[in-house]
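> Hey, can you work out the whole structure from these sequences and the hints?
So you can see what is in the structure, the chains are spelled out below.
2 protein chains.
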Amino acid sequence: MKAPGPRNDRLLRALLRQPVDRTPVWMMRQAGRYLPEYREVRERVPDFMTLCRTPELACEVTLQPLRRFDLDAAILFSDILTVPDAMGLGLHFVPGEGPRFERPVRSRADVDALHRPDPARELAYVPEAVRTIHRELDGRVPLIGFAGSPWTLATYMVEGRSSRDFARIKGMLYDDPDALHRLLALLADSLVDYLGAQIEAGADALQIFDTWGGTLSTPAYRAFSLDYMARILDRLPRERDGRRIPVILFTKGGGAWLEEIAAAGCDAVGLDWSIELGTARARIGDRVALQGNMDPAVLRARPDVIRDEVARLLRSYGAGNGHVFNLGHGITPDVPPEHAAAMVDAVRELSPGWHRART
Amino acid sequence: MKAPGPRNDRLLRALLRQPVDRTPVWMMRQAGRYLPEYREVRERVPDFMTLCRTPELACEVTLQPLRRFDLDAAILFSDILTVPDAMGLGLHFVPGEGPRFERPVRSRADVDALHRPDPARELAYVPEAVRTIHRELDGRVPLIGFAGSPWTLATYMVEGRSSRDFARIKGMLYDDPDALHRLLALLADSLVDYLGAQIEAGADALQIFDTWGGTLSTPAYRAFSLDYMARILDRLPRERDGRRIPVILFTKGGGAWLEEIAAAGCDAVGLDWSIELGTARARIGDRVALQGNMDPAVLRARPDVIRDEVARLLRSYGAGNGHVFNLGHGITPDVPPEHAAAMVDAVRELSPGWHRART
Numbered sequence: 001m002k003a004p005g006p007r008n009d010r011l012l013r014a015l016l017r018q019p020v021d022r023t024p025v026w027m028m029r030q031a032g033r034y035l036p037e038y039r040e041v042r043e044r045v046p047d048f049m050t051l052c053r054t055p056e057l058a059c060e061v062t063l064q065p066l067r068r069f070d071l072d073a074a075i076l077f078s079d080i081l082t083v084p085d086a087m088g089l090g091l092h093f094v095p096g097e098g099p100r101f102e103r104p105v106r107s108r109a110d111v112d113a114l115h116r117p118d119p120a121r122e123l124a125y126v127p128e129a130v131r132t133i134h135r136e137l138d139g140r141v142p143l144i145g146f147a148g149s150p151w152t153l154a155t156y157m158v159e160g161r162s163s164r165d166f167a168r169i170k171g172m173l174y175d176d177p178d179a180l181h182r183l184l185a186l187l188a189d190s191l192v193d194y195l196g197a198q199i200e201a202g203a204d205a206l207q208i209f210d211t212w213g214g215t216l217s218t219p220a221y222r223a224f225s226l227d228y229m230a231r232i233l234d235r236l237p238r239e240r241d242g243r244r245i246p247v248i249l250f251t252k253g254g255g256a257w258l259e260e261i262a263a264a265g266c267d268a269v270g271l272d273w274s275i276e277l278g279t280a281r282a283r284i285g286d287r288v289a290l291q292g293n294m295d296p297a298v299l300r301a302r303p304d305v306i307r308d309e310v311a312r313l314l315r316s317y318g319a320g321n322g323h324v325f326n327l328g329h330g331i332t333p334d335v336p337p338e339h340a341a342a343m344v345d346a347v348r349e350l351s352p353g354w355h356r357a358r359t
Numbered sequence: 360m361k362a363p364g365p366r367n368d369r370l371l372r373a374l375l376r377q378p379v380d381r382t383p384v385w386m387m388r389q390a391g392r393y394l395p396e397y398r399e400v401r402e403r404v405p406d407f408m409t410l411c412r413t414p415e416l417a418c419e420v421t422l423q424p425l426r427r428f429d430l431d432a433a434i435l436f437s438d439i440l441t442v443p444d445a446m447g448l449g450l451h452f453v454p455g456e457g458p459r460f461e462r463p464v465r466s467r468a469d470v471d472a473l474h475r476p477d478p479a480r481e482l483a484y485v486p487e488a489v490r491t492i493h494r495e496l497d498g499r500v501p502l503i504g505f506a507g508s509p510w511t512l513a514t515y516m517v518e519g520r521s522s523r524d525f526a527r528i529k530g531m532l533y534d535d536p537d538a539l540h541r542l543l544a545l546l547a548d549s550l551v552d553y554l555g556a557q558i559e560a561g562a563d564a565l566q567i568f569d570t571w572g573g574t575l576s577t578p579a580y581r582a583f584s585l586d587y588m589a590r591i592l593d594r595l596p597r598e599r600d601g602r603r604i605p606v607i608l609f610t611k612g613g614g615a616w617l618e619e620i621a622a623a624g625c626d627a628v629g630l631d632w633s634i635e636l637g638t639a640r641a642r643i644g645d646r647v648a649l650q651g652n653m654d655p656a657v658l659r660a661r662p663d664v665i666r667d668e669v670a671r672l673l674r675s676y677g678a679g680n681g682h683v684f685n686l687g688h689g690i691t692p693d694v695p696p697e698h699a700a701a702m703v704d705a706v707r708e709l710s711p712g713w714h715r716a717r718t
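Taken in order, these protein sequences are the chains called G and Y. Quick note on numbering: the first sequence equals residues 1 to 359 in this note's numbering. Quick note on numbering: the second sequence equals residues 360 to 718 in this note's numbering.
Careful: at least some of the hints might be erroneous.
Covered stretches of chain Y (chain G as the covering partner; in silico rule of three or more C-beta atoms under 8 Å from a C-beta of chain G) [said to hold, decoys possible]: (1) 421–435; (2) 603–617; (3) 626–636.
Restraint-style ranges between C-beta atoms, simulated for each label pair [to be verified]: (4) G:ARG356 to Y:THR638: 48 to 58 Å; (5) G:PRO219 to Y:ARG465: 37 to 47 Å; (6) Y:SER466 to G:ARG103: 22 to 32 Å; (7) G:PRO219 to Y:ASP593: 33 to 43 Å; (8) G:ARG240 to Y:PHE452: 54 to 64 Å; (9) G:PRO352 to Y:ARG462: 31 to 41 Å; (10) Y:ASP380 to G:ARG283: 33 to 43 Å; (11) G:ARG235 to Y:ARG462: 50 to 60 Å.
One-sided excerpt, in silico: chain G residues whose CB lies under 8 Å from chain Y [said to hold, decoys possible]: (12) GLU122; (13) ALA167; (14) TYR174; (15) ALA179; (16) THR218; (17) ALA256; (18) TRP273; (19) SER274; (20) ILE275; (21) GLU276; (22) ASP295; (23) ALA297; (24) VAL298; (25) ALA301; (26) ARG302; (27) PRO303.
Honestly, the hints are just simulated from the structure, not real lab data. Virtual Cβ for every residue (Gly too), placed ideally from N, Cα, C.
Written out as C-alpha cells, the structure is:
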C-alpha cells in the first residue's frame, strides 16, 4: 500500500510532469545567511559544520524559510562536503574564503587510502537530520535531500579548496585519468549509500549538485562527470513505500549538454540562468521536468522588477506541466528577505494561469 | 590598389573562410607571465600599466612568443582596461588580486561625468605600440588588435574590480537600466574610436573580448552585451588599403547564443572549451569562421596528451576552411613554455591533412 505523501505535493507532481494548480517554487540555499534568524542560530555554534552536525539545529534552519515564505519544498540543511569530510580529509571553513581540506587528495596513493564511508556511522548526523525534519514537517511539504556530484566533490578534494581554474584536478584528469576515475568511482559508490540513507530517512526527492561540471570540455564532462551521475541514478533506489523519489540533476553551465543530461536517468534537469526556459523545454521538455532558472542577482532589484522577471520566466516556459520555479543558483547573503518573498508571491499569483484546473 | 598583406596570411584567410595549407594557430595571452623572458621585461618596470604604456616594451613582449613558437599571428600586448583608465577611473593593479579602479562608476551621475577618450591623445600609447609592432613584424605575420566588450569593461567600471557575482552591475542592470545603457553606449562609441585607431595604426585583424557576457541571462545578454558589440561592428571601418580587417567576437560562456553572435556582424566567433567545435560548426560554420577551443588546463598535461587533444579538436572541426586553432581562454602563468610549443607543433604537423592543397 502506498504510504501517504506530503499534503502539498506540487513539487513532486511537477517533477514527474503531472498536472498542478500552480507552478511549485523553492530556492537553492533558501536556508541561509540572507535570513537574520539563520544568522542568529549560526552564532550559537562555533563553526558551520557543527550546525550541519546537530540535527535539531539543522532542522531549525531548514524550517525557517518555510515560516516566512509560501514555499513548496524544504531542502535539508547540510553541505556537499560532508562525504569527503567523512572520508577523513579534515574539512574546515576559513572565514571569507570557504572550505578547506587539511589532507587533499593529490596522488594515486592518496586515492587508494580513501574509504567508502558508512552513512549509518560516520555520516549518521545526516539521516538523523532528515528524520528530524521529516517529523517536524509533518507532511506539509516534501523534503528534498541532496549531494554534490562526484566530479564536484573531487574538485574540492583534489584542489583542497575552492578553485578558479581547477589546475590540480585537471592536471590529474589529463595526466593520470585512471587515478581520477578510481576517485570518482569511490565517490559514486559512497553517494549511492549516502543518498540512499537520505531516502530511507524520509527525503521525498533528491537533487545532485554538479556545480563545477560546466568547467569541463564536452568529452571530459561526459567521462568524468555525467557518467558518474548516471551510475548513481542507475544504482539508487528510486522508490520508498511505493512512491517514486524524483531526482533533479543540476549542472551549472551545462547548457550545451541538456539532451545528454536528460538521458542520464534523472526526472528533472536543473538549469542555470544562461539558457532560456522555452529553449530548454523545446530541447528536452518531452522527457524530463525543468527546474529554474532566475538569475539570483535579480533578487537585489526592486520587487516590481522581480515580479516582471518571474512573469517573463513563466511565459518563457509556457503552459502546461513539468516546471519547478527556482533560482539558477543559490540565493546570495545580501538579498533582503522581502525580495525573496516578492519572488515567491509572484510565482504563486502569476503561475495558475499557465496551468489548467487540476483534475 | 591593394597594399601587400603579411607574408604569412593563414590567419586572415582562415578568418575569411578561404583555403589554407594548414590551420593557423595563436594563443590568447601568448605574450605573458608563463614566459621567463616576459617576466624579465616586466621586472624592469614599476607596474603593469607602465609596460602597456611604453611602446618599445609592449612591442618587445608582443614579439617574444613569436621567437619561441611557430605562431601565425602576433597580438598587441595591452590590457582591456586601458579605455576605462583613459576615462579617468584611476586604474591600478593590486598584486595577487588584479585590477582596481579608484573611482568606480556607481550612479547615473558617475556615468554622466565620463567622457569619450580621444585615442590620439589619452590613448596615444596604444596606436603607437601598434605602429611599432607593425614595423618590427615587417610583414611576417598579421597583428591582431583588441578591446574588451562594452559589457565586460562596464563590469570592471561598476564593480571597481574583478567580481564573482557582479552584484553591483546587475543591480544597476535591473534597477536602473537606463544608466547602464548610457554607460554602454559611451563605451561602444569610445571603442569604435579605439579599435579604429588600431586599424589605422596597422592592426590586420581585431578581437573583441566579452569575458563576462556569459554571466547574463539570454535577454540581458542580448540587450546589454551583444547589441553593443553589434553597434561597434556596424560602425567600425572594416577595411584598410583595400584589405578586409576581420573581427573575432569572443563571448566566454556564450555557447547558448552562437547563432545570434554569428549574426552580429563579425567574421569569426571565438569559442571557449565547453562546446564541441563540430557542434559549433554545424550551427554557425556556414556563416562565420570559428576560433578555439582547447581548455588551457590541457597545457599542464604531458606533451603527448596535449598532442592527442590537438588531434581530437582538429578532428572535431573536420576538413575544410574556417578554423583558427586557439585556446578557449588565456594561457595561464604556470604552463611550461615547452608545453605551449607542443601544442603549436602539433597543430602544424597534424592539421595539413584536414586541408586540401591551397589553390
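> Is the hinted range of 22 to 32 Å satisfied by the C-beta distance from SER466 (chain Y) to ARG103 (chain G)?
violated, 48 Å
> Is the hint on ALA167 (chain G) kept, meaning its closest Cβ partner in chain Y is under 8 Å away?
holds, 6 Å
> Quick check: the stretch 421–435 of chain Y, covered by chain G? Criterion 3+ residues, Cβ under 8 Å.
Coverage by chain G is violated here, the residue count being 0 at a Cβ distance below 8 Å.
> Would the stated hint for ARG302 (chain G) survive a check requiring a Cβ distance to chain Y of less than 8 Å?
holds, 6 Å
> Check whether three or more residues of the stretch 603–617 of chain Y sit with their beta carbon closer than 8 Å to a beta carbon of chain G.
holds (count 3)
> Given GLU276 (chain G) was flagged as interface, is its beta-carbon under 8 Å from a beta-carbon of chain Y?
holds, 5 Å
> May I ask you to test the interface hint for ALA297 (chain G) with respect to chain Y, counting a Cβ-Cβ separation under 8 Å as satisfied?
holds, 4 Å
> Against chain Y, run the beta carbon of ILE275 (chain G) and see if the smallest gap drops under 8 Å.
Interface hint status for ILE275 (chain G): holds (5 Å vs cutoff 8 Å).
> Just tell me: holds or violated, for the beta carbon distance of ASP380 (chain Y) and ARG283 (chain G) against 33 to 43 Å?
Holds, at about 39 Å.
> When the nearest CB of chain Y is found for GLU122 (chain G), is that gap smaller than 8 Å?
violated, 32 Å
> For the hint 48 to 58 Å, verify it against the beta carbon of ARG356 (chain G) and that of THR638 (chain Y).
Given about 37 Å between the Cβ atoms, the range is violated.
> Given a hinted range of 33 to 43 Å, is it respected by the beta-carbon distance of PRO219 (chain G) and ASP593 (chain Y)?
holds, 37 Å
Violation of the numbered hints given earlier is confined to hints 1, 4, 6, 9, 12, 15, 27; the remaining hints are satisfied by the structure.
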